[in-house]
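**Student:** In mature numbering (1 follows the signal peptide of the UniProt record, and there is no 0), the protein residues as written are -27 to -1, 1 to 110.
The set of hints was computed from the structure by calculation and includes no laboratory data. Values in this document were obtained by computation on a predicted structure and should not be read as measured data. Some clues are possibly wrong.
[To be verified] Cβ-Cβ distance ranges computed for the label pairs, FRET-style:
(1) G13 x A35: 18 to 26 angstroms
(2) A35 x P5: 25 to 33 angstroms
(3) R6 x A35: 15 to 23 angstroms
(4) A93 x N37: 31 to 39 angstroms
(5) R60 x P40: 13 to 21 angstroms
(6) H7 x Q49: 25 to 33 angstroms
(7) L92 x L36: 26 to 34 angstroms
(8) G13 x N56: 21 to 29 angstroms
(9) V57 x G13: 13 to 21 angstroms
[Stated by the list, open to error] List time: in silico EDC-like cross-link candidates among lysine to aspartate or glutamate, alpha-carbon distance up to 20 angstroms:
(10) K54 x E72
(11) K10 x D82
(12) K10 x D48
(13) K54 x D82
(14) K10 x E79
(15) K76 x D48
Glycine included, C-beta positions come from ideal geometry on N, C-alpha and C.
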Amino acid sequence: RHSQLMCWWVTSPLRLYLFSTGPLAAGVTQTPRHVIKSTGQTVTLRCSPVSGHLSVSWYLQALNQGPQFLFEFYDQMPRAKGNVSDRFSVQQPSNSLSELTVKFSELTDSSLYLCASSLAQSCGVTSLLCRNLPASA
């Protein structure tokens, strides 16, 4: 099952436009597909990762820019955070739901927001022994 990436770039002095993708071939689902809010409001985007995937990452992609890493969670625990404002936060109440919240939204937050999931990721800290465990059958 495939879906097209929705990219609309609109500027407005009073409105914030956030876009995410719908169901992807890999099975990740983001809701809502798009959000239009006034500046200063709180926005929450939801991601349902592929069943069995424990690693969930969030990215944003501004107009004419590459994706920017925001957050990674592994098994419901924060694992990494990019260079992102404290207005951005992620909650992962279960392995089947991740929520990205933007508080006090600004026009510069108008972007495409992306969620990705995977079974496991290699550890970024060389002082720790990390390995990907095999998926259970």
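**Student:** With reference to the structure, classify each hint as holding or not holding.
**Tutor:** A quick look at each hint next to the structure:
1. G13 x A35: 18 to 26 angstroms: Given range 18 to 26 angstroms: holds, Cβ gap about 20 angstroms.
2. A35 x P5: 25 to 33 angstroms: Because 19 angstroms falls outside the window, the suggested range is violated.
3. R6 x A35: 15 to 23 angstroms: holds (18 angstroms)
4. A93 x N37: 31 to 39 angstroms: About 33 angstroms separates the Cβ atoms of A93 and N37, which means 31 to 39 angstroms holds.
5. R60 x P40: 13 to 21 angstroms: holds (19 angstroms)
6. H7 x Q49: 25 to 33 angstroms: For H7 and Q49 the Cβ distance comes to about 27 angstroms; the hint holds.
7. L92 x L36: 26 to 34 angstroms: At 32 angstroms between Cβs, range holds.
8. G13 x N56: 21 to 29 angstroms: At 23 angstroms between Cβs, range holds.
9. V57 x G13: 13 to 21 angstroms: 19 angstroms Cβ-Cβ, so the 13 to 21 angstroms window holds.
10. K54 x E72: holds (15 angstroms)
11. K10 x D82: holds (11 angstroms)
12. K10 x D48: violated (31 angstroms)
13. K54 x D82: With a Cα-Cα distance of about 17 angstroms, the restraint between K54 and D82 holds, given a limit of 20 angstroms.
14. K10 x E79: At roughly 10 angstroms apart (the allowed maximum being 20 angstroms), E79 and K10 satisfy the hint.
15. K76 x D48: violated (25 angstroms)
The structure does not agree with the numbered hints 2, 12 and 15 stated previously, though it agrees with the rest.
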